[in-house]
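Position in the sequence shown counted from 1, then plus 1, gives you the numbering used here.
Honestly, I wouldn't trust all of these hints.
[Said to hold, decoys possible] Taking CB as the label site, the calculated pair distances span:
id: 1; residue 1: E44; residue 2: D18; range: 14 to 22 Å
id: 2; residue 1: A56; residue 2: S36; range: 17 to 25 Å
id: 3; residue 1: G72; residue 2: V22; range: 15 to 23 Å
id: 4; residue 1: A56; residue 2: P100; range: 24 to 32 Å
FYI, nobody ran anything at the bench for these hints, they're computed from the structure.
All residues carry an ideal CB built from backbone N, CA and C; glycine is no exception.
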Amino acid sequence: MSATSLPLPPGAPPPDDPPRVVVDAGGEPWARLLSLLERRRSELPAGSVLQIHSANPLIRGPLWAWCRSTGCALTAETESRAAETGDQSTYRITLSPAPAARAGWLPPSFEHVENPEQS
2 MSATSLPLPP
12 GAPPPDDPPR
22 VVVDAGGEPW
32 ARLLSLLERR
42 RSELPAGSVL
52 QIHSANPLIR
62 GPLWAWCRST
72 GCALTAETES
82 RAAETGDQST
92 YRITLSPAPA
102 ARAGWLPPSF
112 EHVENPEQS
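When you get a sec, could you build the whole thing from the sequences and use the hints?
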């Protein structure tokens, strides 16, 4: 087993905090994992730790990019090799607020937009 130690952002919980949700993604592709991440991010409070187990090595790059673009913190990454499960990576993510939960953010209003079918 090898572990990658990542710097913690200010205010992030230490890596030994228990995860609030553990996801066993198996070999699922990034597109399926992305929809699950977005759903969990909107359901869980900011600062929650999400742990992902994945046998798909192709999610690493997109997961790092998603964390950077959303403000979530990838606080740990561990790779393990076991005869019964094969190669697997574990990622610990500290969630940032979902867009609708950010202070001062309101969804756009579409009341002023005219519907061409009703004109």
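These are the hints, each one checked on the structure:
The hinted range of 14 to 22 Å is satisfied by E44 and D18, whose Cβ atoms lie roughly 18 Å apart. Separation of A56 from S36 is about 18 Å and conforms to the stated range, judged on CB atoms against 17 to 25 Å. Under the hint 15 to 23 Å, the C-beta atoms of G72 and V22, about 18 Å apart, fit the expected range. At roughly 30 Å, the beta-carbon separation of A56 and P100 lies within the given 24 to 32 Å, and the hint holds.
Hint compliance for this structure: every hint is met.
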